[in-house]
Each structure stands twice: as C-alpha cells, then as structure tokens.
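Visitor: Sequence:
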Amino acid sequence: MTRTRLLALLLLASGAAHAQETPADAGPSSDPTQVKAGAYVLDPAHGKITWSVSHLGYSTYYGQITDVAAKADLDPKDPAKSRLSVTIGMASINGLNDALNRHLQGPDFFDTTTFPTATFTATLVEPTSPTTARISGTLTLKGVAKPVAFDATFNQAGINPIDKRYTVGFDGRTVIKRSDFGVSAFLPAVGDEVSLRLEGEFKAQ
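Quick note on my numbering: the sequence shown kicks off at 1 and runs consecutively.
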C-alpha cells in the first residue's frame, strides 16, 4: 500500500468516525422523527400570538400578544404522548395603538386587571401528516374554559447557531369566537371570529 493511499484511508476513517460522534451538529433537520425526546420550554423572545379580526367589514385588523410562556414534553416516536401547557399574559395584547390597547385591556374586552392570564392545556395530539398535527385542549380566557384545537406544523429542529442550544420550531393556526369567552363588545361590527397565528421556538431542557 502506497503512502498516499494509506493517508487517504486514514482521512476517510477519521471523517466517518467524527460524523458518527456528532450527528446532532450536522445541521437543522426537517425530519420530525429525528427530534430529541424530552422536556422543552418556549423561548419568550420567539414565541408570539398574532391575532386578526374583521374591522367594520372594511379591513382586517392585526395585533400581537407577546407575553407567552409554554412548556412541552415531546415524544417524536409517539406524538400522542406529547404534552403542552401555555400561559398567556393578556396585558401584553397589542393593537399598535395606545388608546386601543387600553380599551382591549379594559372591561369591554379582556379586563386584564381581573383576568391577567389566559391558559391553554393540551389534552390530545393527533398527527395529520408527517410534519403536522391537530392539537386539542382547553383554553381558559376571561375566566371561561372552552375546548379549542389548533393545527400545528413542525418547521425544523437542531442546534441554534446563536445560542448553541437544541431548538425545535413550530407554527400553528386556529380560529376562535370571542363571544364564546364573554368578549362581545361591538358585535357584529367588529368580527366575532378571531384568527390566531402561533409561532414558537422551544429550547431543550
């Protein structure tokens, strides 16, 4: 065996061993079966709810809720065993207008002094495709608990290049009726159906 061929074989062997030792560092994966099972917590800087509602029929008004905390236990081999609990600080509801924000926080709408938080607890996770699931649970808002389900999409998982922590990313969508939760001001001029877009990056614990 020539010296050149021996060196090439050694380099190939070293590269293969390194790849086997560090599969998690190979880059983000969009394959949900490769997600690490275990406990996760939502990154508060990258977990928000964007809401939209019809305004007098003339436009669709958008805003955000930015105080969202969540914990999840993920089981990629058996998604139905996964768990999710969410706490939402309702005083963070933001319509990008100070007067509107005060109104939204007041008794006509969410009465955030009396009901400072809303919660969602998942009771069932049903896969609907390799990368999507229907997550059903109980939403408690303004003291009223109702069943709510949303459609979640897995984006990717891997080592976040900024904080070097293992991260799993999802987004989701649902529509709720605000009147179901006692938020009935200005119906029907302002729409009853509220569309929610959910975004979350979860960090492994």
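No lab work stands behind these hints, which were simulated from the structure alone. Among the hints, a few may not be true.
Pairwise CB distance ranges (calculated) [stated by the list, open to error]: (1) Lys77 / Thr119: 21 to 29 Å; (2) Arg134 / Thr50: 32 to 40 Å; (3) Asp98 / Pro161: 33 to 41 Å; (4) Asp151 / Gly38: 20 to 28 Å.
Even for Gly, the Cβ is constructed at its ideal location relative to N, Cα and C.
Visitor: Hints broken by the structure, by number, lowest first?
Guide: 2
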